[in-house]
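Colleague: Per our numbering, residue 17 is the first one in the sequence shown, and the count goes up by one each step.
Hints listed in this document are in silico derivations from the structure and should not be mistaken for laboratory results. Glycine is no exception: its CB is placed at the ideal position from the N, C-alpha and C atoms. Don't take each hint at face value.
Under the rule of at most 25 Å between Cα atoms (straight-line distance), these lysine-lysine pairs were calculated in the DSS-like manner [to be verified]:
#1 84 x 96
#2 106 x 96
#3 109 x 96
#4 37 x 52
#5 46 x 23
#6 110 x 96
#7 98 x 84
#8 37 x 58
#9 84 x 73
#10 124 x 109
So the derived label-pair ranges between C-beta atoms look like this [to be verified]:
#11 38 x 72: 49 to 59 Å
#12 60 x 36: 31 to 41 Å
#13 84 x 124: 52 to 62 Å
#14 44 x 71: 38 to 48 Å
#15 48 x 82: 42 to 52 Å
#16 82 x 119: 46 to 56 Å
#17 113 x 77: 51 to 61 Å
#18 111 x 89: 28 to 38 Å
#19 40 x 77: 47 to 57 Å
#20 18 x 38: 24 to 34 Å
#21 75 x 38: 52 to 62 Å
#22 96 x 118: 30 to 40 Å
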Amino acid sequence: MEQYQNKQHQTIIDAFTNKLKVSTDQVSLKHQEHEKLLNAHKNLMEEMNLKQQQYQKEINEKIDWLNKDQEQCDIMDLNKSKWQMLNNKKLIKKHCVQRLINYSMNVKNN
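Work out the full structure, taking the sequences as your base and the hints as a guide.
Modeller: Structural data, given as structure tokens:
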């Protein structure tokens, strides 16, 4: 009888040991999955940071290009304005000379 009880106890202990082993194996697998996901997340974050840095560099380069282009446009506008002012001065001078000539002619004729 005692041998029978010992055998039953051992059977129960073996069953619990197997369940515990299965649970431990499952925890180990979950831990491995978690580690893989954690590493994948870390790699994605690094990749995102590198892409963000690259995008920021490209944006800064485009801003620099646009600033230089704007400076060139400003210089061209200034040159255009200067040219227009010079032409206006020439026209005014020409007009004044013409009026003086006309005035002189009128004075001579009168």
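Colleague: Next step is simple, just say for each hint if it's right about the structure.
Modeller: How the hints compare with the structure:
1. 84 x 96: Holds: residue 84 and residue 96 sit about 18 Å apart, inside 25 Å.
2. 106 x 96: The hint holds at about 15 Å.
3. 109 x 96: holds (20 Å)
4. 37 x 52: Judged against 25 Å, a Cα distance of about 22 Å means the pair holds.
5. 46 x 23: violated (34 Å)
6. 110 x 96: holds (21 Å)
7. 98 x 84: holds (21 Å)
8. 37 x 58: Roughly 31 Å between the alpha carbons, so the hint for residue 37 and residue 58 is violated.
9. 84 x 73: At roughly 17 Å apart (the allowed maximum being 25 Å), residue 73 and residue 84 satisfy the hint.
10. 124 x 109: holds (22 Å)
11. 38 x 72: 49 to 59 Å: holds (51 Å)
12. 60 x 36: 31 to 41 Å: With a Cβ separation near 36 Å, residue 60 and residue 36 satisfy 31 to 41 Å, so the hint holds.
13. 84 x 124: 52 to 62 Å: holds (60 Å)
14. 44 x 71: 38 to 48 Å: Cβ of residue 44 to Cβ of residue 71: about 40 Å, so the range 38 to 48 Å holds.
15. 48 x 82: 42 to 52 Å: holds (51 Å)
16. 82 x 119: 46 to 56 Å: Distance hint for residue 82, residue 119 holds at roughly 54 Å.
17. 113 x 77: 51 to 61 Å: holds (54 Å)
18. 111 x 89: 28 to 38 Å: Hint holds: Cβ distance 32 Å, inside 28 to 38 Å.
19. 40 x 77: 47 to 57 Å: holds (55 Å)
20. 18 x 38: 24 to 34 Å: holds (30 Å)
21. 75 x 38: 52 to 62 Å: Holds, since residue 75 and residue 38 (Cβ atoms, about 54 Å apart) stay within the stated range.
22. 96 x 118: 30 to 40 Å: Hint holds: Cβ distance 32 Å, inside 30 to 40 Å.
Of the hints listed earlier, those the structure fails to meet are numbers 5 and 8, in rising order.
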